[in-house]
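Chains as they are written, first to last, in numbering that gives the first Met the number 0: chain A, 0 to 454; chain B, 0 to 454.
Simulated from the structure, these hints should not be mistaken for lab results.
Any given hint might turn out to be false.
No distinction is drawn between identical chains; accordingly, a pair holds when it is met within one copy or between any pair of copies.
What the hints assert, rightly or not - Straight line, CA to CA, 35 Å or less: simulated DSBU-like cross-link-like pairs of lysine-lysine:
| no. | residue 1 | residue 2 |
| --- | --- | --- |
| 1 | 56 | 4 |
| 2 | 273 | 355 |
| 3 | 348 | 108 |
| 4 | 372 | 273 |
| 5 | 273 | 108 |
| 6 | 390 | 372 |
| 7 | 355 | 238 |
| 8 | 314 | 355 |
| 9 | 274 | 355 |
| 10 | 340 | 238 |
| 11 | 314 | 108 |
| 12 | 348 | 274 |
| 13 | 314 | 411 |
| 14 | 390 | 411 |
| 15 | 238 | 314 |
| 16 | 51 | 79 |
| 17 | 390 | 79 |
| 18 | 4 | 390 |
| 19 | 411 | 238 |
| 20 | 390 | 238 |
| 21 | 314 | 348 |
| 22 | 340 | 355 |
| 23 | 238 | 348 |
| 24 | 4 | 454 |
2 protein chains.
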Amino acid sequence: MASEKVLAYLDSHQQEHVAQLCDFLRIPSISSQSEYADDTRRAAAFVADELKELGLKVEIADLGGHPLIYAETEIRPDRKTLLFYGHYDVQPVDPLDLWDSPPFEPVIKDEIVYARGACDDKGQVYTHIKALEAYIREGVELPVNVKFIIEGEEEAGGESVYTYTEQNAEKMACDAIVVSDTALYNETTPGICYSLKGLAYMEIRVFGPGMDLHSGSYGGTVQNPGNALAEIVAALKDKEGRCLVPGFYDDVLELEQDERDGFAELGYTDEILKKETGAPAAFGESGFTTLERMWARPTCDVNGLVSGYGGEGAKTIIPATATAKVSMRLVPDQNAETIAKAFQDYVMKIAPAGVKVEVENLHNAAPVLVPRKSDMMRAGMRSLEIGFGAKPVFIREGGSIPIVGTFQDCLKAPVLLLGYGLSTDNIHSPNEKFHLQNFWRGARTSAILMAEAAK
Amino acid sequence: MASEKVLAYLDSHQQEHVAQLCDFLRIPSISSQSEYADDTRRAAAFVADELKELGLKVEIADLGGHPLIYAETEIRPDRKTLLFYGHYDVQPVDPLDLWDSPPFEPVIKDEIVYARGACDDKGQVYTHIKALEAYIREGVELPVNVKFIIEGEEEAGGESVYTYTEQNAEKMACDAIVVSDTALYNETTPGICYSLKGLAYMEIRVFGPGMDLHSGSYGGTVQNPGNALAEIVAALKDKEGRCLVPGFYDDVLELEQDERDGFAELGYTDEILKKETGAPAAFGESGFTTLERMWARPTCDVNGLVSGYGGEGAKTIIPATATAKVSMRLVPDQNAETIAKAFQDYVMKIAPAGVKVEVENLHNAAPVLVPRKSDMMRAGMRSLEIGFGAKPVFIREGGSIPIVGTFQDCLKAPVLLLGYGLSTDNIHSPNEKFHLQNFWRGARTSAILMAEAAK
Numbered sequence: 000m001a002s003e004k005v006l007a008y009l010d011s012h013q014q015e016h017v018a019q020l021c022d023f024l025r026i027p028s029i030s031s032q033s034e035y036a037d038d039t040r041r042a043a044a045f046v047a048d049e050l051k052e053l054g055l056k057v058e059i060a061d062l063g064g065h066p067l068i069y070a071e072t073e074i075r076p077d078r079k080t081l082l083f084y085g086h087y088d089v090q091p092v093d094p095l096d097l098w099d100s101p102p103f104e105p106v107i108k109d110e111i112v113y114a115r116g117a118c119d120d121k122g123q124v125y126t127h128i129k130a131l132e133a134y135i136r137e138g139v140e141l142p143v144n145v146k147f148i149i150e151g152e153e154e155a156g157g158e159s160v161y162t163y164t165e166q167n168a169e170k171m172a173c174d175a176i177v178v179s180d181t182a183l184y185n186e187t188t189p190g191i192c193y194s195l196k197g198l199a200y201m202e203i204r205v206f207g208p209g210m211d212l213h214s215g216s217y218g219g220t221v222q223n224p225g226n227a228l229a230e231i232v233a234a235l236k237d238k239e240g241r242c243l244v245p246g247f248y249d250d251v252l253e254l255e256q257d258e259r260d261g262f263a264e265l266g267y268t269d270e271i272l273k274k275e276t277g278a279p280a281a282f283g284e285s286g287f288t289t290l291e292r293m294w295a296r297p298t299c300d301v302n303g304l305v306s307g308y309g310g311e312g313a314k315t316i317i318p319a320t321a322t323a324k325v326s327m328r329l330v331p332d333q334n335a336e337t338i339a340k341a342f343q344d345y346v347m348k349i350a351p352a353g354v355k356v357e358v359e360n361l362h363n364a365a366p367v368l369v370p371r372k373s374d375m376m377r378a379g380m381r382s383l384e385i386g387f388g389a390k391p392v393f394i395r396e397g398g399s400i401p402i403v404g405t406f407q408d409c410l411k412a413p414v415l416l417l418g419y420g421l422s423t424d425n426i427h428s429p430n431e432k433f434h435l436q437n438f439w440r441g442a443r444t445s446a447i448l449m450a451e452a453a454k
Numbered sequence: 000m001a002s003e004k005v006l007a008y009l010d011s012h013q014q015e016h017v018a019q020l021c022d023f024l025r026i027p028s029i030s031s032q033s034e035y036a037d038d039t040r041r042a043a044a045f046v047a048d049e050l051k052e053l054g055l056k057v058e059i060a061d062l063g064g065h066p067l068i069y070a071e072t073e074i075r076p077d078r079k080t081l082l083f084y085g086h087y088d089v090q091p092v093d094p095l096d097l098w099d100s101p102p103f104e105p106v107i108k109d110e111i112v113y114a115r116g117a118c119d120d121k122g123q124v125y126t127h128i129k130a131l132e133a134y135i136r137e138g139v140e141l142p143v144n145v146k147f148i149i150e151g152e153e154e155a156g157g158e159s160v161y162t163y164t165e166q167n168a169e170k171m172a173c174d175a176i177v178v179s180d181t182a183l184y185n186e187t188t189p190g191i192c193y194s195l196k197g198l199a200y201m202e203i204r205v206f207g208p209g210m211d212l213h214s215g216s217y218g219g220t221v222q223n224p225g226n227a228l229a230e231i232v233a234a235l236k237d238k239e240g241r242c243l244v245p246g247f248y249d250d251v252l253e254l255e256q257d258e259r260d261g262f263a264e265l266g267y268t269d270e271i272l273k274k275e276t277g278a279p280a281a282f283g284e285s286g287f288t289t290l291e292r293m294w295a296r297p298t299c300d301v302n303g304l305v306s307g308y309g310g311e312g313a314k315t316i317i318p319a320t321a322t323a324k325v326s327m328r329l330v331p332d333q334n335a336e337t338i339a340k341a342f343q344d345y346v347m348k349i350a351p352a353g354v355k356v357e358v359e360n361l362h363n364a365a366p367v368l369v370p371r372k373s374d375m376m377r378a379g380m381r382s383l384e385i386g387f388g389a390k391p392v393f394i395r396e397g398g399s400i401p402i403v404g405t406f407q408d409c410l411k412a413p414v415l416l417l418g419y420g421l422s423t424d425n426i427h428s429p430n431e432k433f434h435l436q437n438f439w440r441g442a443r444t445s446a447i448l449m450a451e452a453a454k
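Using the sequences provided together with the hints, build the complete structure.
As structure tokens, then:
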């Protein structure tokens, strides 16, 4: 349990911390749009300055993209070490007209702050900083060494944090990596995510005639790239959605019975799914519940199809080309490179006659599985239970956080995926928000974790 | 054979007629773009004025769209009657930067006139007007009654000419309808087209979730509209391109042996096809030559696919919707409405689970078959042979000219598809052109046809 003084500090500074968070949120640090490069640098300086003021040794690394902040408290070898990861950059704000208030002018309503980055990830990063501040300002001795790695390219797919981690594994050595970029299970139930799906993202390009042809003049004489692409994509999955790429399921770790039991207890129903998604029905391979498919079964989804004419009404052409983007979400122990290769081989094998087919592997991410039984996991669960005042559950996540795999590989330490947001917080969408209660509870949880991890 | 005086007039007025055609071509009568409405009206007036000057009774009908011109010479019951159809409107000119000279400033180079509408269809319409002028200016008695129906909505899919024809069948009564909107077989071989394909144009719309979903968060839980659409489209055709819609081939008239022989004599090879299209190979159902498939076999082609993300790189979504545009080119005696209905029924039957599927029939056109053995057909062939100085061939066309079906139905007269352009004249593309030799030969052919048809 953390010192009472530390928690009291957090309680008595709630409004001040919200005001500071709003200053942070006012900086439009959109990393993927070059016109915001100065703002992105300003957001990095905001974080660096706070950490410097708390007495940390702060390094601002320039690896060719946006600044990467690495910081650490005094390192005492007799203490355990926690490394906190987060990002200060934010998603673009389009479509702007769907925002109820300007994305970079934070508005607080009903104890919710609305702004781009409120939840993803400025608000969550800030909980850790404020937790550390509480120890330092109250003069309470830190139970652990604390390290931060805060990047500015998460939303732009930048490489800086990967390069830095590979080159500085010794400096970043730690007993656990804390990543707050997932979500609570729901409004009343905190959770630790112990598995992330990986990803193999593919693009299939089909080339036919040298230009769009008149479908009357040349219909019946050449292969149509649009039809050929549909044939390929249709052959990727069977009628119930199982992927047909050979070997796809070979390395899939089956769910353990206690995992299935845990998922079942969460009470997620197809009615909830339909309400959340607007889909007419749940759909997927038999033998698994919807939550099991969502969290623990690999997928193969079309992300985009483009061919020929997409405007209003009719245009009678045989398109010159057709393209599909297909993502496969992978689960432990599938290997993204192996799957991508199997996908390429399969598509080339089934490619219809009369067209040229290319398959490119755009990018990959490794799936993540964190053992549920460890001292650090127990410390995380206890901290959440105290910080949020509710019993936490183990959850998994269908999305990918590619850096987590790199942390595991390079730092050989367990990752605590401790999310304080909600899945309904509109990250990547208009009207992104963060519940202030979750902000405050998150800061308490981080402070408690520093104490619990030391035990 | 037409009077020597008439043909001599055409020969001695070649340059003057080209100059007048250029005046016609300078009018940017783009019917589908409302900013050109005044110009389109001006082009109608240009045609109407010429016909009035030749002494015809001219009617400019306003049926809610662009003006429709109907004109006729004195009608003498002892003469046969030819009805000439054409259009004075033109296609849009995008992409403008691919034109070597401005589309509405005609340029003549190497006896070729370059301008939008040069071939499609102002140049061809003008051959008939100039043929008639030759008779009238030379005071040679017309061998036939001549009627014109010249519309301004062909490139915009307007209804005026259909409505007018249905309401004025008696006035338009004739022994043959002459349509110059197809092409010569090639530069050295004239031809009469005796069959056009019909069309059933369909749009398949697949609806899944209420919005694009994160493919990680919801992958594996709902049907993906992109995958579902691919499944549907793939089921439309077999591996060699035969359409799988039940009953699709039931009413297809098999080619007669003399048609197959005629096609074979034309010497069209897959090498020519590959050169024309840039496709890597010829493709299509076995048992038919490429030309047989092009001209006489029904097709089923994707014209467009749209779903989810089509931009650069990766976006990880389950798209909310997916749409395909599919055109079926039909041959005699397929019925477009029957085929469209069979298509709808089939798609609804094979629609995958977990999505809502809609199929709309955007528009139809009936296939056309003109008997090759008739007095009018013989007159047409003779006129072409004399006018172009080369033996003409019978050809078919994979494209559709929907008004031809309406003419056949309402006027019960044979249609002579007498094209003077070339398939390489870039109609609907930048640098549209018309060979002046074909313009002059076309005018001679039209003049000769007026005499031959009277026999």
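* Tell me, in ascending order, the numbers of any earlier hints that this structure violates. => Numbers 3, 19, 20, in rising order.
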